[in-house]
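Counting from 1, position 218 in the sequence shown corresponds to residue 218 in full-length UniProt numbering; the numbering is continuous, with no gaps.
Since the hints were made in silico from the structure, they are not lab data. One thing to keep in mind: the hints can contain errors.
Pairs of lysine-lysine, BS3-like flavour, derived with a Cα cap of 27 Å [said to hold, decoys possible]:
1) 151 x 284
2) 99 x 80
3) 263 x 43
4) 43 x 99
5) 99 x 263
6) 263 x 151
7) 263 x 284
8) 151 x 99
From a predicted model like this one, the values you see are computed outputs, not experimental measurements.
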Amino acid sequence: MAEFPSIDTDLLRTFAAIADHGGFTRAAEVVNRTQSAVSMQMKRLEEDVLQCALFQREGRNVSLTPEGHVLLGYARRILKLHSEVFNTLRQPQMVGTVKIGSPDDYVMRFLPGVLSRFAQDYPLISVEVHCEPSSQLLQRNDLDLTIVTRKPGTEMGQILRQERFVWMVAQGYSPHEQTPLPLAMFNTDCFCRTWACNALDIQQREYRVAYTSASLAAINAVVSTGLAVTAQLQSLLTPDLRIIGEAENLPQLPSASIVLLRKPNSGSSPIIECFAEYIVEGFKP
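Use the sequences and the hints to build the structure in full.
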């Protein structure tokens, strides 16, 4: 019987991440590798292991070949079975539910990679995600883990990362030249809205909150069409937006801390602590 080379599950996991996220760059973030490392992995999978093309490359766009689509189905099944074997035989206690709360912006930017990796490794654990502003999440006591934004010096819990708030506008547009300054912001109980408005008040800059939403996607839709300026964490910058600041006569904004809170008096739960580790890893700068 002919012997075939084995396929490393790490290669399949990276391959599935590329298929899920539409490119090497985003997949590299999800699997926590450099883009060059991801490219080398796929070169090995295509040339050394399977000896067929898995991707069609047109500039920066990547799509699967017919062979790639076939492999994707097998890869998902293999990865699922691989995780189930380890979880069932080595960690039978890792079955249950974990409830996490997070603002909408972190759900969009950071949680997809966290949830993807966690689901692959612990497929028998269900995750409930509750999206609310930080101020509302801080009032809840039914969540196992909570991600919130805090001012430096007022942190509670475990600091995941610290970064600046920045002003953003759409590429090719200059709504910051209007008077009053049109803003697109989260609803009134959002930290970044309060900080942005306070900074403009101190500068005595005229402004109006022209658009509000609880959804980052809705705010970005408004800003990307050139209708308004927004203030968000620097890590939330998308390719269609650009950062502006003092050169455009806008005040400097404070830094913020993203922190992870655990449910008080919940005791030590292997499921909660395991998911917390994945969150910490997924938020690393």
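Tested hints:
no.: 1; hint: 151 x 284; in the structure: holds (18 Å)
no.: 2; hint: 99 x 80; in the structure: holds (22 Å)
no.: 3; hint: 263 x 43; in the structure: violated (44 Å)
no.: 4; hint: 43 x 99; in the structure: violated (39 Å)
no.: 5; hint: 99 x 263; in the structure: holds (10 Å)
no.: 6; hint: 263 x 151; in the structure: holds (21 Å)
no.: 7; hint: 263 x 284; in the structure: holds (22 Å)
no.: 8; hint: 151 x 99; in the structure: holds (25 Å)
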